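Go ahead and model the full structure; you've got the sequences and the hints to work with.
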Amino acid sequence: MTKNYPTVSEEYKKAVEKAKKKLRSFIASNNCAPLALRLAWHSAATFDVKTKTGCPSSGTMKYPAELAHGANNGPDIALRLLESLKEQFPMLSYADFYQLAGVVAVEVTGGPEVPFHPGREDKPEPLPEGRLRDATKGTDHLRQVFSVQMGLSDQDIVVLSGGHTLGRCHKERSGFEGPWTTNPLIFDNSYFTELLAGEKEGLHFPSDKALPGDPVFRPLVEKYAKDEDAFFADYAEAHLKLSELGFADA
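Heads up: take any position in the sequence shown, counting from 1, add 55, and you land on this note's numbering.
Possibly wrong hints are sitting among the right ones.
Said to hold, decoys possible - Keeping only pairs whose Cα atoms sit at most 20 Å apart, straight-line, the calculated SDA-like set for lysine to any residue is:
no. : residue 1 : residue 2
1   : K77       : E142
2   : K264      : T248
3   : K58       : D131
4   : K107      : P145
5   : K75       : P167
6   : K264      : G193
7   : K68       : V203
8   : K58       : D304
9   : K69       : S80
10  : K68       : N85
11  : K68       : L140
12  : K141      : V63
13  : K105      : R198
14  : K76       : E138
15  : K264      : Q210
16  : K68       : G222
17  : K69       : P145
18  : K68       : G174
19  : K105      : V203
20  : K281      : D269
21  : K278      : D263
22  : K296      : K281
Stated by the list, open to error - The calculated label-pair distances, taken between Cβ atoms and stated as ranges, are:
no. : residue 1 : residue 2 : range
23  : A288      : K58       : 17 to 25 Å
24  : E65       : D177      : 16 to 24 Å
25  : R273      : G165      : 24 to 32 Å
26  : K192      : N238      : 24 to 32 Å
27  : S80       : Q199      : 33 to 41 Å
28  : K69       : G193      : 41 to 49 Å
29  : L295      : P261      : 35 to 43 Å
30  : P145      : G268      : 44 to 52 Å
Since the hints were derived computationally from the structure, they do not count as laboratory data. These numbers come from a predicted model, not from an experiment. Where is the CB? At the ideal position from N, CA and C, for every residue including glycine.
Here's what the structure looks like:
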């Protein structure tokens, strides 16, 4: 889809660059890249393609009512952790700041560089609950959320699932326990290699385990397990798409 990005002031652009530098240091020193990435994703994955609501250009994760959604256990920690840094950049919208944090989280852990375009405007009200993925469900649910609701492709579903290379499950948050990969602070293609190998130490979500059993998803899982460069290239494109759902559409 063609994008028509809004024009922002030079002062705003400088604030973005300063915030990006601060985020690099903050996220790396606090080992909070997985949380920052989840915050960006959960901010974006509420998008509804039919109503054009709940997008990464809304910034509504900051509202207590939305933070209280059951699927937002975890990202709420990132929001509170990053708030002290956000206060240093009052000019930036929360919507821009959350997506910028996600881009930086991938970068500082060794992942691909994801383009970032500023200009998102915060929305005044929180979103209703029930739009985010349920990790206990399988591929039909994944397609319902990512394809029907958000307008993403099967490839986007698989490659974005590879973002689980960062982080771990926490029983008190999701009901599951343990890392997805051997090194949960490194962005690489190990999510896919370990998924195919059936490593017992990770990949606890049924939505993860369902991928190799789907005839469309499996070839993509195999592709990314064999070719990390292909994963990085496709991930950067899918992450950009996710972070700009409903934003700057021409």
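Comparing the hints with the structure gives:
{"no.": "1", "hint": "K77 with E142", "result": "holds (12 Å)"}
{"no.": "2", "hint": "K264 with T248", "result": "holds (12 Å)"}
{"no.": "3", "hint": "K58 with D131", "result": "violated (30 Å)"}
{"no.": "4", "hint": "K107 with P145", "result": "violated (26 Å)"}
{"no.": "5", "hint": "K75 with P167", "result": "holds (15 Å)"}
{"no.": "6", "hint": "K264 with G193", "result": "holds (8 Å)"}
{"no.": "7", "hint": "K68 with V203", "result": "violated (34 Å)"}
{"no.": "8", "hint": "K58 with D304", "result": "holds (5 Å)"}
{"no.": "9", "hint": "K69 with S80", "result": "holds (17 Å)"}
{"no.": "10", "hint": "K68 with N85", "result": "violated (25 Å)"}
{"no.": "11", "hint": "K68 with L140", "result": "holds (17 Å)"}
{"no.": "12", "hint": "K141 with V63", "result": "holds (18 Å)"}
{"no.": "13", "hint": "K105 with R198", "result": "holds (15 Å)"}
{"no.": "14", "hint": "K76 with E138", "result": "holds (16 Å)"}
{"no.": "15", "hint": "K264 with Q210", "result": "holds (16 Å)"}
{"no.": "16", "hint": "K68 with G222", "result": "violated (30 Å)"}
{"no.": "17", "hint": "K69 with P145", "result": "holds (13 Å)"}
{"no.": "18", "hint": "K68 with G174", "result": "holds (10 Å)"}
{"no.": "19", "hint": "K105 with V203", "result": "holds (9 Å)"}
{"no.": "20", "hint": "K281 with D269", "result": "holds (18 Å)"}
{"no.": "21", "hint": "K278 with D263", "result": "holds (16 Å)"}
{"no.": "22", "hint": "K296 with K281", "result": "violated (24 Å)"}
{"no.": "23", "hint": "A288 with K58: 17 to 25 Å", "result": "holds (19 Å)"}
{"no.": "24", "hint": "E65 with D177: 16 to 24 Å", "result": "holds (21 Å)"}
{"no.": "25", "hint": "R273 with G165: 24 to 32 Å", "result": "holds (26 Å)"}
{"no.": "26", "hint": "K192 with N238: 24 to 32 Å", "result": "holds (27 Å)"}
{"no.": "27", "hint": "S80 with Q199: 33 to 41 Å", "result": "holds (39 Å)"}
{"no.": "28", "hint": "K69 with G193: 41 to 49 Å", "result": "holds (46 Å)"}
{"no.": "29", "hint": "L295 with P261: 35 to 43 Å", "result": "violated (28 Å)"}
{"no.": "30", "hint": "P145 with G268: 44 to 52 Å", "result": "holds (48 Å)"}
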